[in-house]
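Enquirer: Model the full structure from these sequences, guided by the hints.
Chains as they are written, first to last, in my numbering: chain X, 1 to 160; chain D, 1 to 599.
In case anyone wonders, no lab produced these hints; they're calculated from the structure. If a hint is listed, it holds; no wrong ones were tucked in.
Computed footprint of chain X on chain D, listed as stretches where at least three residues anywhere in the stretch have a Cβ under 8 Å from a Cβ of chain X:
{"hint": "1", "stretch": "49 to 62"}
{"hint": "2", "stretch": "65 to 72"}
Example chain X residues on the side facing chain D (calculated, C-beta under 8 Å, incomplete):
{"hint": "3", "residue": "F19"}
{"hint": "4", "residue": "N22"}
{"hint": "5", "residue": "K25"}
{"hint": "6", "residue": "F26"}
{"hint": "7", "residue": "V64"}
{"hint": "8", "residue": "S148"}
{"hint": "9", "residue": "K150"}
{"hint": "10", "residue": "L151"}
{"hint": "11", "residue": "S153"}
{"hint": "12", "residue": "V154"}
Nothing here was measured: the structure is a model prediction, and the numbers come from that model. All C-beta atoms in this analysis are idealised placements derived from N, C-alpha and C, irrespective of residue type, glycine included.
Take a look at the letters that make up each chain.
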Amino acid sequence: MPSRAAPEQISEYDVKAAFLMNFAKFVEWPSTAFASSGSPIAICILGKDPFGRAMDDVVEGETVNGRKVTVQRMTDPPAPKTCQMVFAAGAGKETAKALSGLGRGVLTVGEGENFVRDGGIIGFVIENRRVRFDINQPAAVAAGLTLSSKLLSVARAVEK
Amino acid sequence: MRTFRDIPIKQKLVIMNMAATTAALLLAGLGIVLTDSLLFRRYLQRDLSSLAKIIADNSTAALTFNDPRAAAETLGALRARTHVLSACIYRPNGSILARYAPRGSACPAVDRRDEIRFSREGVVVSQGILLTGQRVGTLMLFYDLGEIAERIKLYGSTVFGVLTASSLLALLLSSRLRTVIENPISQLVRASTLVSETGDYGTRAEKLSGDEMGVLVDRFNAMLAGIQSRDDDLKRERERFRFMAESMPQKIFTATPTGDVDYLNRQWVEFAGPGLERIEDWGWAQFVHPEDLEENLRLWRHSIETGEPFHFEHRFRRADGKYRWHLSRAHAMRDAGGKISMWIGSSTDIHEQKEKEEALRRANDDLQQFAYAASHDLQEPIRNVAVYSEIVSRRYHDLLDAEGQQFLGFLKEGGRRLATLVNDLLAYTRAGMAEIVEAPVDSSVVFEHTLASLAEAIRESQATVTCGPLPRVYVGEAHLQQVFQNLIGNALKYRNEKAPCIHVSAVGRGADWCFAVEDNGIGIDPKYKEKIFGVFKRLHHDRNYSGTGIGLAICQRVVERYGGRIWVESQPAKGSTFFFTVPRHAQPGDPAQVESSVG
Numbered sequence: 001m002p003s004r005a006a007p008e009q010i011s012e013y014d015v016k017a018a019f020l021m022n023f024a025k026f027v028e029w030p031s032t033a034f035a036s037s038g039s040p041i042a043i044c045i046l047g048k049d050p051f052g053r054a055m056d057d058v059v060e061g062e063t064v065n066g067r068k069v070t071v072q073r074m075t076d077p078p079a080p081k082t083c084q085m086v087f088a089a090g091a092g093k094e095t096a097k098a099l100s101g102l103g104r105g106v107l108t109v110g111e112g113e114n115f116v117r118d119g120g121i122i123g124f125v126i127e128n129r130r131v132r133f134d135i136n137q138p139a140a141v142a143a144g145l146t147l148s149s150k151l152l153s154v155a156r157a158v159e160k
Numbered sequence: 001m002r003t004f005r006d007i008p009i010k011q012k013l014v015i016m017n018m019a020a021t022t023a024a025l026l027l028a029g030l031g032i033v034l035t036d037s038l039l040f041r042r043y044l045q046r047d048l049s050s051l052a053k054i055i056a057d058n059s060t061a062a063l064t065f066n067d068p069r070a071a072a073e074t075l076g077a078l079r080a081r082t083h084v085l086s087a088c089i090y091r092p093n094g095s096i097l098a099r100y101a102p103r104g105s106a107c108p109a110v111d112r113r114d115e116i117r118f119s120r121e122g123v124v125v126s127q128g129i130l131l132t133g134q135r136v137g138t139l140m141l142f143y144d145l146g147e148i149a150e151r152i153k154l155y156g157s158t159v160f161g162v163l164t165a166s167s168l169l170a171l172l173l174s175s176r177l178r179t180v181i182e183n184p185i186s187q188l189v190r191a192s193t194l195v196s197e198t199g200d201y202g203t204r205a206e207k208l209s210g211d212e213m214g215v216l217v218d219r220f221n222a223m224l225a226g227i228q229s230r231d232d233d234l235k236r237e238r239e240r241f242r243f244m245a246e247s248m249p250q251k252i253f254t255a256t257p258t259g260d261v262d263y264l265n266r267q268w269v270e271f272a273g274p275g276l277e278r279i280e281d282w283g284w285a286q287f288v289h290p291e292d293l294e295e296n297l298r299l300w301r302h303s304i305e306t307g308e309p310f311h312f313e314h315r316f317r318r319a320d321g322k323y324r325w326h327l328s329r330a331h332a333m334r335d336a337g338g339k340i341s342m343w344i345g346s347s348t349d350i351h352e353q354k355e356k357e358e359a360l361r362r363a364n365d366d367l368q369q370f371a372y373a374a375s376h377d378l379q380e381p382i383r384n385v386a387v388y389s390e391i392v393s394r395r396y397h398d399l400l401d402a403e404g405q406q407f408l409g410f411l412k413e414g415g416r417r418l419a420t421l422v423n424d425l426l427a428y429t430r431a432g433m434a435e436i437v438e439a440p441v442d443s444s445v446v447f448e449h450t451l452a453s454l455a456e457a458i459r460e461s462q463a464t465v466t467c468g469p470l471p472r473v474y475v476g477e478a479h480l481q482q483v484f485q486n487l488i489g490n491a492l493k494y495r496n497e498k499a500p501c502i503h504v505s506a507v508g509r510g511a512d513w514c515f516a517v518e519d520n521g522i523g524i525d526p527k528y529k530e531k532i533f534g535v536f537k538r539l540h541h542d543r544n545y546s547g548t549g550i551g552l553a554i555c556q557r558v559v560e561r562y563g564g565r566i567w568v569e570s571q572p573a574k575g576s577t578f579f580f581t582v583p584r585h586a587q588p589g590d591p592a593q594v595e596s597s598v599g
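Expert: So, in structure tokens, the structure goes:
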């Protein structure tokens, strides 16, 4: 449909970048998740970076609850209190397992239907060529995160 | 159709009650509806504003994660609000994320300002959708105002229902309450109707309340009592009059201002016998003697027209058919404004009196005729006595001795005196015969004639006789001269040592001329003032004052014949003034009198 054409032309990772930014707005972190009260919300891209400049453009100038939003890229799992959100591209079982070991205060986002089943908190899925996501609510609770009900309401599926 | 003014009071009261109730309720209803629609707008504004905010807030995730289904679900919550025509969530770029339109209404155009806009079609709410202070979209809500109309309709039907119910209640109540007003009025109406129909002022209206109606009833009753007592007074007064009229020996009648006889007392019934009713109105005319009727009617009509008292002697036919003389008088009774309210009159039987008068008059006439005839017939033998005693005295003077001559002298003197006496008697009887004077007589001319005939006596006594301006009078010339001659003659005769001074004058006094003959003679003792006018009354029997004693009697007879009177005012030794009056105008003749006197 012509009216829907415009958003479709945007690439998948542009959407995912925007989603990652928006997740920050619907998730409440415990204060223990941050190094200090002035620490930013760090979105860490673990391993391969599929966004290019898109992620940096999305977070540019954004603040959530008084915290700046930053993007970090890393190849190894981060140290505690350095990343509040970790995204790992690809849908490997290992990746999920690796991320679940990061402990409390970190929102883990992966790709594929199995990501949440394997202990990840939010997993991107493609449905009808649209980017959507599943949520593992017990994992989020275990990580000490509070997910907004609004976020839950737009998820494709929520594990309980 | 009857106007409001003419319908009965009870209906008026009901109508007034209903009108007042309806007006009050309509006003109250209008006030409630107006206030409510104002309050409801405000409420709606707040309500829609918070509704929009909730929807907006719930749509943030759907917007940010581009989820039309979730957005539609959020909007679906508006199903409960039946007046929502449409609700649309716009993305920041102006495209529609989700749309809720249960009746297929279009989405209102996106508006960047947050506002609530009332229009004829409905209320348009535009609400920005914010996420962490950033505008992520816009919610447009279109709400129809049917709810306001519905509420007005609801209120309207409520007011109508209350109105109907309260009207019915008012109708019920007022039909109960109106008796409070209506009953006293009905009482008054009933009482006044009863009074005007029966004329019974003893009727009273019942007082049912202590308010103005009660006062009205009291006043009305007091008024009736006043009328009743006046009515009683009037009845008593009327009975008193009846009693008085019935107990009078006279015949009493009353008549209306137009002359219709409306009351006759018992004496009439006794006199005229049955059939009295024919006397009422103008029926009495047939009881009047035909000879008197014309004059009677003329005088009665004259009185009715002018209001002057009625006075007439006439004959009424008694039940036995005999006529009897009556003196009838009637006077007009006038009200405070001077208008004649009735006539009241009496008729007195004067039949016996009238007959006596008539007999007396006839006797008097006979006597007068006798006196006239006698004196007339005596003149001839007396003249013979005088003539032949003169002849004897002249021719046989020498044959008689002194004694014979003296006797002859007595004879002559006696004859002369007898002649004078008879002449005076004749004059006196003539004085009783009034002449019908057609034209007025100049009394100054009569005065001159009198002086001429008295010239000898005036010269002899060296008297001065003068007169002032004298009028023209309706008195026979001979009669007037008789009066002048006797009065002036007396003044010359009864003089003292001084030369007599006599003055005649006349002044108008009312309907009369009043003449005065003034002298400076011996005067008259007041105790004889009346006596001197009698026949043969002489105060002086000595020879100084010769006379027959008839002069003043003649004067009186003449003056009274013309309807005047004569009297004297005097101071002994200073002089006397004789006054007499005669009418200024011609008197209607008395044919009967003239006839009988001449015959």
